[in-house]
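Novice: Now for the letters of each chain:
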Amino acid sequence: MTSVALLRQITDYANRADPYPLYAELRKTPVVRDEDGPYLVSTYWEIHHLLHDPRVSSDIRNLNPEAAAMTPAQGEDPNLPPTFLKLDPPEHDRLRRLTMRPFGPPHTPRRVYEMRGELGEIVSGLIDGFQGKQQIDLVDDFSYPFPVSVICRLLGIPREDEPRFHAWADTLAASIDPVRGSAEDQEAQLQTVRQARADLAAYLAGLIEERSRSPRDDMLSAMATGHGPDGQMSPVEMVSTAALLLIAGHETTVNLITNGMLTLLRNPDVLQRLRDDPDLAVPLVEELLRFEPPVQLLPQKTTLADIDIAGTTIPKGASLWLVLASGNRDPQRFLDPDRFIPDRPDNQHLGFSSGVHNCFGAPLARLEAQFALTELVRRLDNPRLVQDPPPYRQNAVLRGPRHLGITFDGLKP
Amino acid sequence: MSVDGSLDRLRREGHIVIVGASLAGLRAAETLRDEGFTGALTIVGDEPHEPYDRPPLSKQVLLGRVPADHTTLPRRREVDAQWRLGVAATGLDMAAKRVHLADGAAVEYDRLLITTGVRARPWPHELEADLDGVFVLRTSDDAAGLHHRLSAGPRRVLVIGAGFTGSEIASACRERGLDVTVAERGSAPLVGALGGVVGEVAATLQREAGVDLRCGIMVTGLEGDSAGRLRRAHLSDGSSVEVEVAVVCLGATRNTEWLASSGLGAGPRGIACDAGCRAFDVRGIVTDDVFVAGDVARSPHPLFGYQFLSLEHWGNAVEQAETAAHNMISSSTDRRPHVWTPSFWSAQFGMNIKSVGVPPMADEIIVTQGSLAERRFTAVYGYQGRVIAAVTFDQAKWLEFYQQQIERAAPFPPEFTTVDRRPEGMHPVPAGFPDPSLPSHGPTVTLSGHSPSDRRISFTPLSA
Chain V
1 MTSVALLRQI TDYANRADPY PLYAELRKTP VVRDEDGPYL VSTYWEIHHL
51 LHDPRVSSDI RNLNPEAAAM TPAQGEDPNL PPTFLKLDPP EHDRLRRLTM
101 RPFGPPHTPR RVYEMRGELG EIVSGLIDGF QGKQQIDLVD DFSYPFPVSV
151 ICRLLGIPRE DEPRFHAWAD TLAASIDPVR GSAEDQEAQL QTVRQARADL
201 AAYLAGLIEE RSRSPRDDML SAMATGHGPD GQMSPVEMVS TAALLLIAGH
251 ETTVNLITNG MLTLLRNPDV LQRLRDDPDL AVPLVEELLR FEPPVQLLPQ
301 KTTLADIDIA GTTIPKGASL WLVLASGNRD PQRFLDPDRF IPDRPDNQHL
351 GFSSGVHNCF GAPLARLEAQ FALTELVRRL DNPRLVQDPP PYRQNAVLRG
401 PRHLGITFDG LKP
Chain F
1 MSVDGSLDRL RREGHIVIVG ASLAGLRAAE TLRDEGFTGA LTIVGDEPHE
51 PYDRPPLSKQ VLLGRVPADH TTLPRRREVD AQWRLGVAAT GLDMAAKRVH
101 LADGAAVEYD RLLITTGVRA RPWPHELEAD LDGVFVLRTS DDAAGLHHRL
151 SAGPRRVLVI GAGFTGSEIA SACRERGLDV TVAERGSAPL VGALGGVVGE
201 VAATLQREAG VDLRCGIMVT GLEGDSAGRL RRAHLSDGSS VEVEVAVVCL
251 GATRNTEWLA SSGLGAGPRG IACDAGCRAF DVRGIVTDDV FVAGDVARSP
301 HPLFGYQFLS LEHWGNAVEQ AETAAHNMIS SSTDRRPHVW TPSFWSAQFG
351 MNIKSVGVPP MADEIIVTQG SLAERRFTAV YGYQGRVIAA VTFDQAKWLE
401 FYQQQIERAA PFPPEFTTVD RRPEGMHPVP AGFPDPSLPS HGPTVTLSGH
451 SPSDRRISFT PLSA
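Chains as they are written, first to last, in UniProt numbering: chain V, 1 to 413; chain F, 1 to 464.
Hints were generated in silico from the structure; no laboratory data involved.
Values in this document were obtained by computation on a predicted structure and should not be read as measured data.
Possibly wrong hints are sitting among the right ones.
[Said to hold, decoys possible] Calculated cross-link-like contacts (lysine-lysine; reagent style BS3-like; alpha-carbon spacing at most 27 angstroms):
(1) LYS316(V) x LYS28(V)
(2) LYS86(V) x LYS397(F)
(3) LYS133(V) x LYS412(V)
(4) LYS316(V) x LYS86(V)
(5) LYS397(F) x LYS97(F)
(6) LYS397(F) x LYS316(V)
[Said to hold, decoys possible] A few chain F residues that don't get close to chain V, going by computed Cβ distances all over 10 angstroms:
(7) LEU10
(8) THR72
(9) ILE217
(10) LEU235
(11) GLY267
(12) TRP314
(13) SER330
(14) SER343
(15) TRP345
(16) GLY370
(17) LYS397
(18) GLU400
(19) THR418
(20) VAL419
(21) PRO428
[Claimed, not checked] Residues from chain V shown here face chain F by an in silico Cβ test under 8 angstroms; the list is partial:
(22) ALA5
(23) HIS49
(24) ASP88
The C-beta atom is built at its ideal place from N, Cα and C for all residues, glycine as well.
Put together the whole structure using the sequences plus the hints.
Specialist: Put into structure tokens, the structure is as follows:
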């Protein structure tokens, strides 16, 4: 394959259902420049090294002007500071540490663990809702509502406001899709996204203020009232971070669960193994993160210096796309990489990225996927795919089915 | 009989003996089985315990979070070995291929792996070392005893030596709310391993945590009461400290005495071996059947001028054991070198400290990310214009990059821009390692060969 139009092929919807042959082609040249656009990196070790390379920045303000011109703005709210996802240390570290305090060890070691009961309830409730149906759309009926409910509970969003969250989440998730159609269509979508961001921000600001006056045992309260060696987040930082947790905290999980169920239905022997042995869920979800990662590539990195890697010099200020999903299938790293092996040993996948930007919500995402898949296979009697491949979403970065029709014979209690 | 034929027979029905039943010994045994060795396997250990993990002993165990006898190493697989625990090896007859044991028995081998490790260097004055309240910390039993004594709430604990073990113990004491005095011969904690620039950061951490840190000072005597209980420590500046517990953290001695008359190249600095883990005999000729791994081994490293490195590092023990085990049952063309890049970690005073490379070899240091003042930083060590080591305080996620820089012999000081590079880190400064002629507890890495920096020799008690 020539280097021409690689990006176009990756973003081409025709390749969405199975991008892996394309990635295999890509790996023949570990680092390659796409026409005048970004440098694509597709092999495991090169991606891994770049994720740990302090000369690689996540702050797009470091792009050179030429590369910056080619990177579309995505409806960022100009009134909010960048989230830690798009910042470098030390600002990244400070915000991430502050967000970590109410979320995980060492300050809140049991926050995620103690959500197990609640996760179980939400999952059960959603599956109970399948009662009387022979067919569901897993995405709309389960994979979407589940993580949004979880993130709402985690942050401390009142139950009655959850539907509004679902709506904002949908709009903002769509914004990550490359827009098709005319300039007017794109402008219209951008307008919708900006409005959703502004509405969400206003809502969160109000709730944070309320929580700072009367705190409860939730993350927003902890963020609003906590004090540590790093001080406290400013109110706008809190809004920005909470919005990040909402979007990043569920958009990916939707695809993890849906891809997971799809993979299980394509591998009935594995599905049966999970049914017989729920403990298999732990390694199985890891393998899923390798095999069908919800985040296929990281498109927003740039270089602070010339970097020599795999025989190529990536110049300072270049746009860098790390194709995680390709690295995950690199035969130089994984034995038999195109096989789904639920208890695969030595499975250091890139599904959650790596390095300082390693997925913040990984512990929660793992638990959600483990709960969801275990319960779905336990309770659905003889589940079958309606359509294979299912219809995919436009998005090449956050890849997953838009719908996943599943028929079944009945529901176990 | 072909060479391959005899190797086949060794793999199928040979007898391999491993002396040393700790991390390296266990991982070697597992690797032998993993790689298809089906013969007899005997593992000899002087402690009565199954192989256990040591890093928790100076941390979680002293904090009471984990009982000392709960640090048993997880098993990667069944090893199907005959375990001879609680029995020390006392001698080696290389000609007869036989290991003598303390209970009078002897074990014959086709291949021998020595992983006897190190032991804590005791307080040099025997009568003082016998006082009730004087501890070392190396074994599970040591940790259990010290934890028990700390739980009784002594009025003050004295830590002698502020290397990694001493600093971790001091940290655990403060976390338990105990008053603690640390006496360090060098100018700062960790100075032997990480140099003066980083040592100053460690000193600040200790003082802020409420440690009574005294540097440039030696403990000249330990004094007991009439019942033989430790009561007081005398220091070289003429002062004294009232203490009920003293922990002697003066580094380690390699367990090689049992090999004294074996003809193996074994001494106080370990057992010299080639990069393939085959031991040298006293004539400097490599042996065919005797392999070494872990803390007791001393092997040449091409990345560091082929100097003989002896490392007391957890990761080194694992990887050297795997390499040794592989080489023991492989033909010469299939053997691998042990070219592990030295690395270790420590947890103390709420800080995660990690190191790669060989810092004590360096002459200069530069902060490439973060800031010393904030105690979150990455410091890179340079030696004759190349990157030789790196240390992170709470920034471990970057360390792998610097390891690659070391492995590629990248130029020092680094010229590139990084995220989180502060003005204070723009220029290299002297790394501040102590004059090797001055005794200190020393680093956990030692170099020999043409290196002048091995401080252990002058500090080894004559009786050891």
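Novice: Please go over all the hints and tell whether each is borne out by the structure.
Specialist: Against the structure, the hints come out as follows:
1. Between LYS316(V) and LYS28(V) the CA atoms are separated by roughly 24 angstroms; this keeps the pair inside 27 angstroms, and the hint holds.
2. The hinted pair formed by LYS86(V) and LYS397(F) meets the criterion: a straight-line CA distance of about 17 angstroms does not exceed 27 angstroms.
3. The suggested pairing of LYS133(V) with LYS412(V) holds, with an alpha-carbon distance near 13 angstroms, which does not exceed 27 angstroms.
4. For a cut-off of 27 angstroms, the pair hint linking LYS316(V) to LYS86(V) stands: about 18 angstroms separates their Cα positions.
5. Distance hint between LYS397(F) and LYS97(F) is unfulfilled; the C-alpha atoms sit about 47 angstroms from each other, more than 27 angstroms.
6. Taken as a hint, the LYS397(F) and LYS316(V) pair is honoured in the structure, with Cα atoms around 22 angstroms apart against an allowance of 27 angstroms.
7. The claim that LEU10(F) is not at the interface with chain V holds, since no C-beta of that chain comes within 10 angstroms of its own (minimum 28 angstroms).
8. Distance check for THR72(F) against chain V: the nearest CB is about 22 angstroms away, which clears 10 angstroms, and the non-interface claim stands.
9. Separation of ILE217(F) from chain V is adequate, the least Cβ-Cβ distance of about 31 angstroms exceeding the 10 angstroms criterion.
10. Once the 10 angstroms rule is applied to beta carbons, LEU235(F) is consistent with being away from chain V; the minimum gap is 34 angstroms.
11. No Cβ of chain V approaches the Cβ of GLY267(F) within 10 angstroms, the least distance being about 39 angstroms, so the stated non-interface status holds.
12. Taking the minimum C-beta to C-beta distance to chain V, about 19 angstroms, the non-interface status of TRP314(F) holds against the 10 angstroms cut.
13. In this structure SER330(F) is separated from chain V by more than 10 angstroms, as the shortest Cβ-Cβ distance comes to about 21 angstroms.
14. At the 10 angstroms boundary, the C-beta of SER343(F) stays outside the reach of chain V, the nearest C-beta of that chain being 14 angstroms off.
15. The Cβ of TRP345(F) sits about 16 angstroms from the closest Cβ of chain V, beyond the 10 angstroms cut-off, so the non-interface label holds.
16. Here GLY370(F) does not stay apart from chain V, with its beta-carbon only about 7 angstroms from theirs, under the 10 angstroms limit.
17. Non-interface status of LYS397(F) relative to chain V is broken: a Cβ of that chain comes within 10 angstroms, the nearest being about 5 angstroms off.
18. Against the 10 angstroms criterion, GLU400(F) falls within the reach of chain V, whose nearest CB is about 5 angstroms from its own CB.
19. The beta carbon of THR418(F) is not kept farther than 10 angstroms from every beta carbon of chain V, the shortest such distance being approximately 4 angstroms.
20. Not every CB of chain V is more than 10 angstroms from the CB of VAL419(F) (nearest about 4 angstroms), against its label as outside the interface.
21. PRO428(F), annotated as away from the interface, keeps every beta carbon of chain V farther than 10 angstroms; the closest lies near 17 angstroms.
22. Taken as an interface hint, ALA5(V) does not check out: its beta carbon lies about 32 angstroms from the nearest beta carbon of chain F, beyond 8 angstroms.
23. Residue-level restraint check for HIS49(V) holds (minimum Cβ-Cβ distance to chain F is 7 angstroms; threshold 8 angstroms).
24. For ASP88(V), the interface hint holds, the least distance from its beta-carbon to any beta-carbon of chain F being 4 angstroms, beneath 8 angstroms.
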